[in-house]
Amino acid sequence: MKLQKLFVLVLALVFTATAVLAVEGGNSRKGKYLFKKNCKVCHSEGAEGGNVTPLSKTQSQWDRMFKKAKHDPKAWENLSEKDLLDVNQFLFDHASDSDQPETCG
Amino acid sequence: MRLFLTLILAGLIALPTAAMAAPTLEDLQLQIKALSEELEDMSELVEQAETHVAKDRINWYGDLRVKADAVHYDDVTFNPGVKVDFDAFAANMGAFSTPLTALDGTVLTYDETASPNATNVYNLLVGNGFPAAAAKNLTPLTSMMLANPGMVDGFLAGQLTGVKNFSFPVPQKTYDIDNDILYSTRLRLGMKAKVSNDIDFTGRLTMYKNWGDSTAVKVFDSWDAFTMDGTNSGNTTGDLVHVERAMFIWNDIADTNFYLSIGRRPSTYGMPTNYRENEQRGGTPSGHLVNFNFDGVTIGYKLSKVTGVDGQTVRFCYGQGYESEYGNGELFGGIETEDTHLGGFNIDLINDGMHAVQLTAFRAQDINDGFKGVFAFPTAYAPLFAPTMNADMQKFPTFNFVTRYQPSATIGNINLAGIGYAYEAFNGASFFGSLGYTGSESTGEAGMFGGMLSDAVFEAQLNDTKDEIIMMPARAENDKDRDGYGIYVGMQLPAPMGKFGLEYNYGSMFWTPFTQAQDDAISSKLATRGHAGEAYYVFDITPRAFIKVGGIYYDYKWTGSGSPVGEPKEVDDVLDGKAYSMLPAIDTAWDAYASMTVKF
Numbered sequence: 001m002k003l004q005k006l007f008v009l010v011l012a013l014v015f016t017a018t019a020v021l022a023v024e025g026g027n028s029r030k031g032k033y034l035f036k037k038n039c040k041v042c043h044s045e046g047a048e049g050g051n052v053t054p055l056s057k058t059q060s061q062w063d064r065m066f067k068k069a070k071h072d073p074k075a076w077e078n079l080s081e082k083d084l085l086d087v088n089q090f091l092f093d094h095a096s097d098s099d100q101p102e103t104c105g
Numbered sequence: 001m002r003l004f005l006t007l008i009l010a011g012l013i014a015l016p017t018a019a020m021a022a023p024t025l026e027d028l029q030l031q032i033k034a035l036s037e038e039l040e041d042m043s044e045l046v047e048q049a050e051t052h053v054a055k056d057r058i059n060w061y062g063d064l065r066v067k068a069d070a071v072h073y074d075d076v077t078f079n080p081g082v083k084v085d086f087d088a089f090a091a092n093m094g095a096f097s098t099p100l101t102a103l104d105g106t107v108l109t110y111d112e113t114a115s116p117n118a119t120n121v122y123n124l125l126v127g128n129g130f131p132a133a134a135a136k137n138l139t140p141l142t143s144m145m146l147a148n149p150g151m152v153d154g155f156l157a158g159q160l161t162g163v164k165n166f167s168f169p170v171p172q173k174t175y176d177i178d179n180d181i182l183y184s185t186r187l188r189l190g191m192k193a194k195v196s197n198d199i200d201f202t203g204r205l206t207m208y209k210n211w212g213d214s215t216a217v218k219v220f221d222s223w224d225a226f227t228m229d230g231t232n233s234g235n236t237t238g239d240l241v242h243v244e245r246a247m248f249i250w251n252d253i254a255d256t257n258f259y260l261s262i263g264r265r266p267s268t269y270g271m272p273t274n275y276r277e278n279e280q281r282g283g284t285p286s287g288h289l290v291n292f293n294f295d296g297v298t299i300g301y302k303l304s305k306v307t308g309v310d311g312q313t314v315r316f317c318y319g320q321g322y323e324s325e326y327g328n329g330e331l332f333g334g335i336e337t338e339d340t341h342l343g344g345f346n347i348d349l350i351n352d353g354m355h356a357v358q359l360t361a362f363r364a365q366d367i368n369d370g371f372k373g374v375f376a377f378p379t380a381y382a383p384l385f386a387p388t389m390n391a392d393m394q395k396f397p398t399f400n401f402v403t404r405y406q407p408s409a410t411i412g413n414i415n416l417a418g419i420g421y422a423y424e425a426f427n428g429a430s431f432f433g434s435l436g437y438t439g440s441e442s443t444g445e446a447g448m449f450g451g452m453l454s455d456a457v458f459e460a461q462l463n464d465t466k467d468e469i470i471m472m473p474a475r476a477e478n479d480k481d482r483d484g485y486g487i488y489v490g491m492q493l494p495a496p497m498g499k500f501g502l503e504y505n506y507g508s509m510f511w512t513p514f515t516q517a518q519d520d521a522i523s524s525k526l527a528t529r530g531h532a533g534e535a536y537y538v539f540d541i542t543p544r545a546f547i548k549v550g551g552i553y554y555d556y557k558w559t560g561s562g563s564p565v566g567e568p569k570e571v572d573d574v575l576d577g578k579a580y581s582m583l584p585a586i587d588t589a590w591d592a593y594a595s596m597t598v599k600f
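From first to last, the protein sequence lines stand for chains U and B. Residue 71 in our numbering sits at position 71 of the first sequence; the count goes up by one each step and never skips. Residue 254 in our numbering sits at position 254 of the second sequence; the count goes up by one each step and never skips.
The hints are simulated quantities; they were obtained by calculation from the structure and are not laboratory data. Treat the hints with care, as some may be off.
Some chain B residues near chain U, calculated using beta-carbon distances under 8 Å [to be verified]: (1) Ile249; (2) Asp252; (3) Gly283; (4) Glu424.
Backbone N, C-alpha and C fix where the C-beta goes; we use that ideal spot for every residue, glycine too.
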């Protein structure tokens, strides 16, 4: 195949494919910061809520938890809707069934 | 599931009170019966699921990348030659001048009028005191000079003393190469299993092929065209699935923060190359210094649990890159190489999702002049090194015999050190920089392709049948320590539908990292001695699928990128015919690519 044809094909693919883009999510990097700042107080080893990390749940389990707000609402008071979306995005992106760093520990 | 069952039971208990109003006792009994039947069904289902989970020992995941590369090389130059010790040559002149005879004992001669070169050979010998009749004899020396006019010119000019360049009788060629389209498919299957609470297994199977080729062997035209242990996951090797990684990780040993991991290592695709790969960190060591498969051991300590600094980990890694005895015809007792061992530290000072600082310090001990590997013998070498084989091979110019290479000399050691930093901003932008150092030590030994960052000096000797002068590597031209430096910087910015990335790297003359398994079509860009720049655009279609379009430009300043064997030459000198290169030297090259990756 000629080079030009290939690039036309790729561009066509890109534009048809991106039409099915997932819904605009939260900011995962900010979510990590918010998670550490707001959740870790109660959710580190030995704290009242027990240790919670992104690996505690699968992606859909996290989404379910946030959708149904299955948590004592008082603990989440400080967080705006956008903040919670960011935390949700972070936990989703690093959930137990997400891509993990492929290091030796 | 258990929670669900508890809920149902709670419902059952609560039912009589909630439903007090209308239903009769009979209704209730019926309902209870129906519910308990359902419960029974369910626990059966749960049991089935449980059995399935228990038997499902391995967790599979993976990714598939299809890629198209348009590859272009500018000013590829093939100008082969070697360095010869002409003093040693002179010392053997007597043996080299023994006349060759036919089977019946008659002395063979050549026609000194057949060509200007033949006349030159004759005059040279007469001028050096040979009697006229003896000067016409065909000897190993005269037949060599008849095939190498340049050599005769050198002798005539009185230049051939000490160590001098010796060119092969092929004219220098410079040409461009266009490969408009090169397709490849890379399939990676990851495996994970929980062995016990503290012990995990992880592995990865990889198939990486270019379309229309499943030979798993390439004609040797560069060190990338060499199927070998360290690089076969990053070089196309047909439809074979290779075990790229397989190891166990034993965490929290004896309730400490120590862990141990042994097996085929995650030593490819490390930071900061993960940005251009559009994936999570793909390996432990710095991708700027090491991108090479190793079998080995890691002892790690999760310092973060003591200091509280996220991701802080100290790792001692050890591995073997070459086994000198086993499999090398050990029982014949003729082995002269050493095992190659690699050891050092991989330290993550911090890795908290915003800042990542990595320190790397390694030593590769007893490096040989290559590794064990398989390649197809390049036809272009036959006239240079194997005139007898060439006599037949030239009738089969496209029949490349497959051969197993093993190195012949232990050439030295290399120390590697690096520091890398990556910053990930809230807005999705990432920036990174990495500095690398490679320092070599030489034993002064050399194989056919050279010694440690030094050329081989060849000595002329008679072959076993004493009718041909052959050149054999005797030693390295020098045993100097060599320092190499590399820098690698890049950024990735959020952009409509994905991200946009820019990267640049530079390697000095003696830059010698172990990144040959980096799967770029032309060659590992991070091994480049010279400049390499890359720009790309990633379209994130879904969290698990993306399209990447980009290009890499290589500007090689010195030859031999990615290899510790042989002295790097200025590419300009090879182009000008002032320096030789046993492998074709590339001046500049570019690779425009488009790929689509799906993760599953």
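How the hints compare with the structure:
1. Ile249: Hint on isoleucine 249 of chain B: holds, closest Cβ of chain U at ~5 Å, below 8 Å.
2. Asp252: violated, 10 Å
3. Gly283: holds, 6 Å
4. Glu424: With a minimum Cβ separation of about 6 Å from chain U (threshold 8 Å), the hint on glutamate 424 of chain B holds.
Taken one by one, the earlier hints fail for this structure only at number 2.
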